[in-house]
Amino acid sequence: MTKNLRVKSSEFIDETSRISFKFDGKTYYGFKGDTLASALLANNVHLIGRSFKYHRPRGIMTSGSEEPNAIVQINPNSNITEPNARATEIEIYEGLEASSQNCWPSVNFDIGGINNFLAPFLPAGFYYKTFMWPKSFWEKYEFFIRHSAGLGKSPTTKDPDIYDHRNIHCDVLVVGAGISGILAAKNAAKNNYKTLLLDEKNELGGSIIFETNENKKINNTFSSEWLKKEISELKNIKNLEIKTRTSVAAYHQYNYLLARENLTDHLEKKDKKNKIRQRLLKIRAKKVILATGALERPLVFNNNDRPGIMLSSAVKKYSDFYGVACGVKNIFFTNNDTAYESALSLHNKGIKVDAIIDIRENSDAKIIKKINDAGIKIYWSHTIVDTSGYKRLSDVSIMKLSNDGMSVTGSKTSISCDCLGIAGGWTPAVHLYTQSGNKLTFDEDRNVFVPKADNSAQICVGSCGGDFELDEIIKNLSNKLKNFLNISQTDFEDISLENDKETSKRNIWLLPSDKPNGKTKPFVDYQNDATAKDIKLALREGFRSIEHVKRYTTTGMGTDQGKLGNMHALGIIADTAGVKMGELGTTTFRPPYTPLTFGTIVGRNVGEFFDTFRRTPMNDWHIKNKAEFENVGQWKRAWYYPINDETMHQAVQRESKAARKSAGILDASTLGKIDIQGSDASEFLNRVYTNAWSKLAIGKCRYGLMLNEDGMVFDDGVTTRLGENHYIMTTTTGGAANVLSKLEDYLQTEWPELDVYLTSVTDHFATASLCGPNSKKILNKIIPELDLSDENFPHMSFKEVTIDKIKCRIMRISFTGEQSYEINVPASFGEAIWEKCIEAGKEFDITPYGTETMHLLRAEKGFIIVGQDTDGTMTPIDLQMDWIVSKKKYDFIGKRSLYRSDTMKEDRKQLVGLLTEDPNIVLEEGAQIVSELNQKPVEMLGHVTSSYFSPNLNKSIALAVVKDGKNMMGRKLFVPMENKNISVTVANTVFYDEKNERLNASL
Amino acid sequence: MFLINCPYCGERDQQEFKAGGEAHIERPKQPTELSDDQWAEYLFMRKNIKGVQFERWNHAHGCRKWFNMARDTSNDEIKAIYKMGEKPPPQ
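Residue numbers (this note's numbering), protein chains in the order written: chain A, 1 to 1003; chain B, 1 to 91.
So that you can see chain A by itself, here it is in the shape it has in the complex (with noise of 0.2 Å):
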C-alpha cells in the first residue's frame, strides 16, 4: 500500500538516477540526494522505530543531525552492523539496508510496548527506587536491566574500514555553511586569510538554499538564487578550502577543534572499498569564526511524539528540497511566524494544508494574510489538548487557551490529519561556543540563550549568534566581520533585502490540556522519553540542580544530547520552581555534538600501530632462534628460548642452570644508558644517588640507588666513569624517560649552577650480556690481547677496546652473581658482536637466555627490581639496603625523607626472603601473607613481590615484602590461596652464594 508522495521535482534531487535500499527488509526506491528519512517519507513510510522506555512507536521528527526518534540500524544483518545512525543524515545508495531498533519482534508489532501502558508505573527514578531491595536480588534484577538497555546492537567483529587523522592549520575557520558561514568564509579568503569552510551536509547554503519565499528577497531575487550565485563564485577564491559532511565534534582551548569528515558513507560498497572512510581533522585556528545556525524547537503538549508529528522547518525542507509531502492531510501548530513560512511553501507546491493552529493571539505579519488567501484556516488562541494514531497521527484535538496560558476553555474540536508541522520558536545552535568555555546571557525578551560575548579569536554569526530575521543577520555579519577581520567593507554589505518581520511573540513551556496533569504524556526528550510529569516529579522529589534533573530524569541524555528538548526542560523547572531562566543556567554542552565512531578517535593507531615498538639490534636473532617475546615499556624484549617443545618453565629451568654451570648470554641492550658530562658531573652524581660518587677512579663502575624527594625508591642501575668529566648510567628498562626527566628537572631549575650535560644515548648502544664461569674464556677467545686477570680487569671495572675495528665498551659487572662482561657496541654492530660471542662460546655450550631466566638468577642472588620488588612504598632501609645510603653525605635527593616519623617507623613493610615448608611449591606473586589463619578478619602482613622455582638450588624462592620484616626472621608465616594455605619460614634475601665467592672464582 505505499503511496509516492514525491509530489514536485526539486533541483536538488537527482530523478534519473533511481536507487533502491532496503528498510526492515522491505526493498524501496529513492533518487540520488535523498537521504534516507527523505526516501521513506516519499514512500509514506513515517514508523521509524520503537522508543526507548516505553516503546512507543515513532516516526521522523527532523531533518538533520538533531534528529532523536528516526535512529536505525545499518546493515542490520551483518557482523559489522551500525547502530544509532540518523535516518535523517543518510545519504541512500544502492544496497543501502538498514532496520528499526528497539523493537521486537517487529516494529509494527513490539511486544515491549506493554510499558506505555504500565507508564504511570515507571516513572522518574523508576530504577533506582524499585531496584534498591532486597540489596541481595540485585544480581537477578541486572540480568533483566541489562536485557532492556541500550539502543541498537554493536557489530560482534574488528572494524574493516579505514580511518584516518589530519592536522590543519588555518587562519580562519568558518564552521557552518550558510548564509552567515559562506559570506564569511568568502570575505576572509578574498582578504587573504587562508580559510576552511565545514558543514555538516553534503550541500552549502544552509535553509536559505531553498528559499523561494516572496518575502525574503535579496537584490530584489530570491533569497535562493542569489545565494547560488554566491556559492559558485566561492571556487574561483584562492585561499578557500571547502568541506562538505564534515562535522565538527568538539571545540577545545586555544581554538582547537576536531571534525569528522564523511569520505564514502553515502557511496555503494563498490566504491567503498580500500577507500578512507572517516577522517578525524585536528584544526588549529587562528579565528574561529561559528555559522551554526538555530536549531527549530517542538512544543511540549500531551501525546506530542506520534509519527507524523514534525518540527515545521523539517516538513518544509522535505517539501521544498526534497520534493516530498510529508502528509495529504498537513497542519501547523505555532507560537511564531515560522509555521506559516513552511504552510505557504507547501501551499505554492500543491500540497494541501488544512489549518494553522497557533498559540497567540494575533499577528499582523504580511504572510498572515497570504495565508489567509490561500484559505488555510488559522485557529488564533488555541493549542493542541491531545493527539490520536498510534502508528501514524491520525487527528489532534484543540481547545481555546486561557488568557494567561495556563488552561484551556471551551469546546474540544478534532480536526483530522496525517501530518503536524510544530514551531516552538528557535534555539542557537551555540554548542560549539560554550564547548570553547565561553558563556551564554539569556534574552528574557526572545527566550534564548545567546553568546554572552565575541572576542579577538572568535565570533558567533548568523542565527547561532541569535539573529533570526535575514535583514538584521546580513547587517551584523558584515559589521562583525569587518571588526573581526580587520577590513574595511564586506562584499555584501550593500545588498538590499527584504523580509517580513516577527511582531507578536507568546512562549509556553508546558502546553496545557483539558485532562489532568498526571494523565498527559508530553514529552520532553523524545529519545529518552522524558515528560514535563517526570520533570516535575523531580522537582517536588527535591532535585534543583539542573544537573541533577537531567541525570535523574535523564532528560538530554540520549545520543541527541537533547538538542531538541532541553529548552524546554529548563523552562518548565524555571517556571516550576519559579526561578529565572537566565538564573538556572544551561546543563554543560559537552562534545561530541554528534556521535563519532570509535574508528574515527583512533584512525590509524590500530593493531601494531596502537603504541610504538622499540626492537634491539638483536632482534632478527632472537626470532631466528625462535625467542618468545615479553613487553617491557615499548620494548620487546627476548623472555625465553624454547627448544623443541619445552614449556615456559621447562626452557627456563635449562637456561638457568646453563648460565651458572657454563655460560650464558642476554640481550642487554634495552637498559636506559644516558651520557653525562661536565666540570660537576661527580657533584651532580652525589646530589642524585644515595651513596658517595666523588672518590669513584676513572674506569670504576659503581651501583647507585635513586630515590624521589620523598625517600622512596625510584630507580637503580650501574655508573661507570669513563673520564674525569665524563660518566654512563645506566637506568632500568622501564624507567629510562623518567631518569633523565628527572635528572634534567633538577639541573635546569633547583642546581642551574653545575656544568651537567646529560644525553640520552639509549639507542646508540647495544649491550651483550656474557656470564658464567666460563665468561671470561669466551671473552679471552673473542680479544686475547685484553688482560683479563682479575688484577688488571676486577669486578665492577671497564675496559674500552677494539674487537674488529669495532669500539667496545666492556664493563665487568653482575647482576646474577656470576662473572660477567656487558659488551657495548654501537647499536649497528649490536648484532656482529651477538653472532661472534655465540660463535665463541659454542665451545663452553653458550646458552642465550631471556628476562624470565635473568629474573630468576637474580632473585637467587635478592637483587632487587625497582617496580616489582618496589612499588613507591619502599625506602633503601625498608629493602634492607641500608649499606647504599651515605651518613656522610649532607645531602642527596630524598635524605632528609628517610628521617620523617613515617619513614622511621621500625614495623614499616620490609623486603624480605621467603621459603616454602614445601620445596616443590613456588608461591604466586602477589599473594597475601599472614601470620594467623583463623583470625578474623585476618591482618595482610605484606604480599609476594618476586617468586621462582631455583634450579641451581633445587627448591622454590621468593622475595616478599612483609610488615616488621627485618624481625620476623626465622617466623613461620601462612601464604592462604584458594585452595590450600601455604606454610612459608622468613628468611634472608640472598639464597645463593651469600659470600659472593663466584664473581671472582677461578672455575
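One or more hints might be untrue.
[What the hints assert, rightly or not] Result set (SDA-like, lysine to any residue): computed pairs, CA atoms no more than 20 Å apart in a straight line: (1) B:K65 x A:E744; (2) B:K87 x A:Y746; (3) B:K79 x A:Y256; (4) A:K966 x A:T903; (5) A:K194 x B:L3; (6) B:K65 x A:Y746; (7) A:K286 x B:N75; (8) B:K65 x A:W751; (9) B:K18 x A:G734; (10) A:K282 x B:H61; (11) A:K194 x A:E230; (12) A:K286 x B:A80; (13) A:K282 x B:E16; (14) A:K270 x A:S78; (15) A:K889 x B:L34; (16) A:K286 x B:D13; (17) A:K895 x B:R27; (18) B:K65 x A:Q748; (19) A:K895 x B:P28; (20) A:K32 x A:R18.
Derived from the structure by calculation, the hints contain no laboratory data.
Keeping the supplied structure of chain A fixed, place chain B upon it in accordance with the hints.
Structure of chain B alone, referenced to chain A:
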C-alpha cells in the same frame, strides 16, 4: 588542548609538553635542618587555586627545557610564559 609558546621553540601544541606542578617552590638548601613539618610543607603542600596559578612546564617532546607559566585555571588562559629563574610577572 593548549597552544603553548615555548620560550625557546615558539608556539607548539600542548601534546609536546608535560606539566610539572606548582612553580616557585625552591628546594631547601639545608634540608637536614628542617623540622618534619617544614619539610612536609616543601614536599607535599601545593596550592590549587581558581584563578591565576604559576606552574612549571617542560617541553618534553621538544627542546626538553623547563619554563614557567602563569595560567588562569578558571578559563585556561595563559597569562604569561617566562624562563626558569625569572621572577613571575606582576598580576
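Check your understanding: Does the structure break any of the earlier hints, and which numbers would those be?
Key -> none
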